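Could you build the full structure based on these sequences and the hints that come with them?
Residue numbers (this note's numbering): 922 to 1805.
Note that these hints are calculated values from the structure, not bench results.
Take the hints with a grain of salt, since some may be wrong.
Said to hold, decoys possible - Quick list of in silico lysine-lysine cross-link-like pairs, DSS-like style, CA-CA up to 25 Å: (1) 1283 x 1069; (2) 1506 x 1521; (3) 992 x 1064.
Keep in mind it's a predicted model, so treat the numbers as computed, not measured.
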Amino acid sequence: MFKFLINKNYKKIEKYQKIVNKINIKQKKIQFLSDEELQQQTNKLKNRIKDGENLEDILPEAFATAKEAVKRILQLDMFDVQILGGIILHKGKIAEMKTGEGKTIVSILPAYLNCLNSNSVHIITVNDYLAKRDAEWVGQVHKFLKLKVGLVQQNMNKVERQINYNCDVVYITNSELGFDYLKDNMAIEKKEVVQNKFHYAIIDEVDSILIDEARTPLIISGPSEAKTTKYVEATSIAKKLKDKLDYEIDEKSRNITLTDIGISNCEKILKIKDLYNINNPWAQYIVNALKAKELFFKDQNYIIRKQEIIIVDEFTGRIMHGRRWSDGLHQAIESKEKLPIQNENKTLASITYQNLFLLYNKLSGMTGTAKTEENELDKIYNLQVFVIPTNRICIRKELFDLVYKNEYSKWQAIARECIDMNKIGRPVLVGTTNIEKSELLAKILDSYKLKYNLLNAKPENVDREAEIIAQAGRENALTISTNMAGRGTDIILGGNPKALSKLIFINFIKDKIYYINKSNIYRNNEFKEIYEKLEKYKKEIIVNKIFDNISIENVDEYLYNIINTNNLINNNDLILTKVYIKILKYYEKISKREKEKVIKLGGLHVIGTERHESRRIDNQLRGRSGRQGDPGSSRFFLSLDDNLLRIFGGDKIKNLMQNLKIDDDTPIESTILNKSLDTAQRKVESYFYDIRKQLFEYDAVINKQRQAIYSERKKILESNFLRDCIVEYAESTINEILLFYKVDDKSKKQKLENISNIFNLPYEIDQEFCRRLTIDELHNFLYEQVHITYDLKEAYLEQLRPGLVRQLEKYYLLEQIDQAWQEHLEKMTILRESISWRSYGQQDPLIEYKNEAFNLFISMTSYIRQTVVYLIMRSRLIIDTQQN
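Set out below in structure tokens:
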């Protein structure tokens, strides 16, 4: 079966072939079961686990059951390579499967198996759209097999989240998972907690989440009281400062450093003596203003919508609602764009994706591109990468890159390539790195009067995403898109009939709901033709008043129900099902005809407009062509002005072009050039790996502290009786104060007074009496006094209001832990920023950071204990006698 892949990867996966054979044999027996009997398989397998069998024992039968369910519900017969991918995922590894090989279907097998031991399985995607699509589409199989399917979306409240997290299979995005984890560990009451245990996760687009998004931690922040006036002044100063004179730009690390001249000029403008004065800091404001000026650009890194700066995800090209850059950078950009400046935020809780996903007992992932990052995935996450062979051999042609002298020549060459392909009818996908570049190409194509579809992060284009991708493989289609990572939809040659049918159906319903003039719906003669075919249903629809109960917001959900429900009782649903089937048959006929034509022309042609900093992103773009054995081709057009060539080694190529006297319109194409570009990308990948590794190493220090704090917090949250905890805190506080106590110590009086003050003892401690006690006797004496004092306080509060003392214990504990932890995070941030200077003293910054962090953590825990005890012991209840 897999013999064509004769390499070390083949040897790694060959051992699983026997299991695949067992699964296929089991499925041949199971296929004769009725639907009801197939559904009973779930309880049968659960009972086998209760009887002592493990997941490995029931794997063949469980996978066979799921495979048969897929065949019945989705009308898809899974390939052997898909079953192999499912086994790899179950083993807690990464399955690299090329685009179009059906990764989404593969996740059904391990998810079903791992639910059978009564644990939730989290299937994690990169955006809400994919999570919803998979929960609705793939979730049908799990529901058929009597499993509960949950979906966690951004707009859900706590109750909805709790219900969905308690399901067997939970579809969720990586950011929602992370933020819910942090929020749960800030909850004041147990009922506010939404998540359960982290048992097993399957990550879709695993490289995008564990590699690309792992550079920046997840942060929950709250408003700070810091003033925003400094940002405007810093922006004004930044405009006056000059590159290479007042500051230096490091594009590799996306950082800016002020020179001595720059520091002096800033101090003169501000009329201050020290730009780095801790009591009146200006340096950070000016550096952020310079970053906003030189490194962050509109329609590349962000867009402006409704007077608000919205970040554009550099990896997926999607907009990130509700996200803000930290450390004052977002405010600096708001100031640059002359928008209202929002208040600064302070960190309330944070975690890196590395440490978040390491919380799972078992982790696995799937993607089309992970092999280039296998070392990092293995070292940090202990995840091995297995390359799964394609069901059909990939015959895509990867053409040599063409390098032009300048950017203008490159864009003109891309436009000519689009025109040439369009003339013969081949579909073309052009991948750009940001919004600005996609719109630049669109304007060039406009000048040639070439029709195209534009897909980027701008809202008017995002809304048409499904339609654009559904038509991207059609004859003469020309699609311009920002990064294709996480789009989650295959480009099918000849068009995607199901996706196109859904779009026409929704437009048909919307048209009838709003009674829109049909000319607004028609985009071409094809749409007009299908609308005319549907006219015969018009009378039936009007007579039955079918649309009276369909709201425009629920069109998607309504469509899903009538397409995927087998037992249609309602006559209205039957009529609309006929309408959908009519549309589907029409587009299946067109798509089949166009596919044959497009295949003869050479399939989808992919054009890359720039090499990305990572080879994976380039491979994701290439992978859109040549799916499931289809023909296709890809070519990258580059210029010496591109960031990758300019920053990483473009000088050699530039000199070569000048020496050979190559003109602007003549490109270079060679094997040596391609290798040098690959080398440049490896350098960039290595650089960013070092950044992520450093982030992981530093966060590993705070992660241990985080686990200790969150563990203590969870224990408190779940407990109803915390007296013992308070008493333990009190005894620890006594131990800390008396740690260096000696009978002849001059400060012993002060230490005993501190104890008396903290514990609110009703009398002064007899100094002479204590002097006669040994240190052990003194400890026991003070313990006894604290117990007596606490008993009296408890009796007093209980008499006034029963149960109050228990509430106060929990409130003070959680409040002080949260407050101290937030202050600790701020200190750790300052420490992290300043610790690198220790290297000049021949000290390892990481070791120094660990030592300092430990001391800060000990101080924090000591402070928490003392403060909680102090507040509890001094609590008083004031009863308002005037209250009616």
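Each hint, compared with the structure:
Taken as a hint, the residue 1283 and residue 1069 pair is honoured in the structure, with Cα atoms around 21 Å apart against an allowance of 25 Å. For a cut-off of 25 Å, the pair hint linking residue 1506 to residue 1521 stands: about 23 Å separates their Cα positions. Under the criterion of a C-alpha separation no larger than 25 Å, the hint pairing residue 992 with residue 1064 is consistent with the structure, at around 14 Å.
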